[in-house]
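Participant: Sequence:
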Amino acid sequence: MTFHFPHNHETPATAAAAAAAARKFLAYVPPDVSTFYRDAPGTRQPTKPRFHGLAGKFINLSPQYLTLYWDDGRGGSIIADMPPFQAVGTATFPVHQFFIAKKKNKTEIVHKIHIHPDQNLYVYDAFEMGHANVEDLSSEELELYHVQKNNLYFAAQYREFTGRDWLSLYPHRQRPMYKMWNADYFGQQHWVVSSETHYVAEPPEDMLGRLRPDEMHRDRRLYLNARNLTRYRSEDSVLNMTLTVLSCAPRVFEIQNFLSHSEVDHIIHMATGIKLHLSTTSGSDGGNDARSDSHTRTSQNSWVDRGRSPIMDSIYSRAADLMQIDEALLRHRHDSEFPEVPHKGSNAEDFQLVHYAESEQYTAHHDFSYPNVNKNGQPARFATLLLYLNEGMLGGETTFPRWVNSETSDKLTVKPEIGKAILFYNQLPDGNMDDLSQHAAEPVIKGEKWLINLWTWDPRFR
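First residue of the sequence shown? That's 753 in our numbering, and the numbers climb one at a time after it.
Hints in this document: simulated from the structure, not taken from any laboratory. Virtual Cβ for every residue (Gly too), placed ideally from N, Cα, C. Any given hint might turn out to be false.
Below, a list of computed lysine to aspartate or glutamate pairs in the EDC-like style, where the Cα atoms sit at most 20 Å apart [to be verified]:
(1) LYS858 <-> ASP870
(2) LYS931 <-> ASP1182
(3) LYS858 <-> ASP823
(4) LYS1172 <-> ASP1017
(5) LYS1167 <-> GLU1149
(6) LYS855 <-> ASP877
(7) LYS1096 <-> GLU967
(8) LYS855 <-> ASP823
Taking CB as the label site, the calculated pair distances span [what the hints assert, rightly or not]:
(9) LYS858 <-> ASN885: 22 to 30 Å
(10) PRO793 <-> THR1024: 45 to 53 Å
(11) SER890 <-> GLN941: 52 to 60 Å
(12) PRO835 <-> LYS1096: 24 to 32 Å
(13) LYS776 <-> PRO846: 28 to 36 Å
(14) PRO793 <-> LYS1096: 29 to 37 Å
(15) TYR780 <-> GLN1076: 14 to 22 Å
(16) ASN857 <-> ASN885: 18 to 26 Å
(17) PRO1094 <-> VAL847: 40 to 48 Å
(18) VAL847 <-> TRP943: 40 to 48 Å
(19) GLY961 <-> LYS856: 44 to 52 Å
(20) ASP791 <-> HIS1086: 47 to 55 Å
Take these sequences, add in the hints, and give me the full structure.
Facilitator: Listed below in structure tokens is the structure:
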């Protein structure tokens, strides 16, 4: 995509000036849905999903500290504080209404918003509304003002070219640094080989202590004491993993047998101290001891870091192989590793273990967020890896309600199975956030559900 970015957004006086102001951006254009079925372009039309939700991004283009409220008909419910020239977001629907008010005083409303279908981006522009003057801004405020104005100018041309709203920050948000697996058609497969073979038996407790950073290093020639524990692993020399495309937009992949039963049991034990025998499905008491945060998310969770045990370290490294990311980027690194990367911390979060009891759910949401405009590189969640730890419950599916296809308006449904993984991307190849990555954990009707999430960030974790 070629666009003009004239100084102060004014029309260049000459053709030469216009050519000099022209910029190029490698935008990602949504493929024709016909190609998802390996049919000729133009032979199919996408169906309209029954679910009408979408991501809402709200920009405070003013020097004031404000608050975004959802107009719930009862005086308003706080969504987020809005610092000057920053953006916030939430999942929303076309029927929703919001208002922006002075911070800590919701009666001083400065702007009202009605959500429209297929529109993600909403701006409170205090300058166009006569609520503020550019001449009164400090030098720091003026710089942030131009950052957002340039971004909005680009966003308008990006939408005209792609048909989607721009949910990132141009030009500060670059294309992802990692590989993204192609999802060209339904059922497409990719194959990955990992040296991190399955644990088929759990080692004794005295071998499962916390790892030092050197013990997570994968160069076994340099770190001879690193704990491989091959005695407790599969006899296979490598682990073969197959990614199967479930959805092309968003890109969603299924990986069977990513985890072994021994690894599943170990994960839950590390996080909770509970030993599950996963050959049978454990029942639930109806969730009497579960914490209910809201109508959006009702579940319990805990966190397990990579160095917690050799098995957790191995699973992290296997996940890196699956995503074609160097495992060193998912842990603290030595100075000699990736010297071109300025930060030395992990680009992945700790594993989040989540438990859903009966009736618990997580309604449709996005995993990405909107970084502070001052953050270099605009770090955000790049990929989500879901690992299922049990099966046999009624309900509890992972769903993608807005997947693009030509045969059904129903959501894409993924059934939990022990050891299965689901990989999907929260970003598009051009660095935009993928609104279609919206997903949900359906209510558990009977039984219980266990899974873990691994979130990988680009270009760095926070």
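Participant: Hints first: check each against the structure and report whether it holds.
Facilitator: For each hint, the structure was consulted:
no. : hint                           : in the structure
1   : LYS858 <-> ASP870              : violated, 28 Å
2   : LYS931 <-> ASP1182             : holds, 12 Å
3   : LYS858 <-> ASP823              : holds, 11 Å
4   : LYS1172 <-> ASP1017            : holds, 14 Å
5   : LYS1167 <-> GLU1149            : holds, 5 Å
6   : LYS855 <-> ASP877              : holds, 16 Å
7   : LYS1096 <-> GLU967             : holds, 16 Å
8   : LYS855 <-> ASP823              : holds, 16 Å
9   : LYS858 <-> ASN885: 22 to 30 Å  : holds, 25 Å
10  : PRO793 <-> THR1024: 45 to 53 Å : holds, 50 Å
11  : SER890 <-> GLN941: 52 to 60 Å  : holds, 56 Å
12  : PRO835 <-> LYS1096: 24 to 32 Å : holds, 29 Å
13  : LYS776 <-> PRO846: 28 to 36 Å  : holds, 34 Å
14  : PRO793 <-> LYS1096: 29 to 37 Å : violated, 46 Å
15  : TYR780 <-> GLN1076: 14 to 22 Å : holds, 19 Å
16  : ASN857 <-> ASN885: 18 to 26 Å  : holds, 22 Å
17  : PRO1094 <-> VAL847: 40 to 48 Å : holds, 45 Å
18  : VAL847 <-> TRP943: 40 to 48 Å  : holds, 45 Å
19  : GLY961 <-> LYS856: 44 to 52 Å  : holds, 49 Å
20  : ASP791 <-> HIS1086: 47 to 55 Å : holds, 50 Å
Hints 1, 14 from the earlier list are contradicted by this structure; the remaining hints agree with it.
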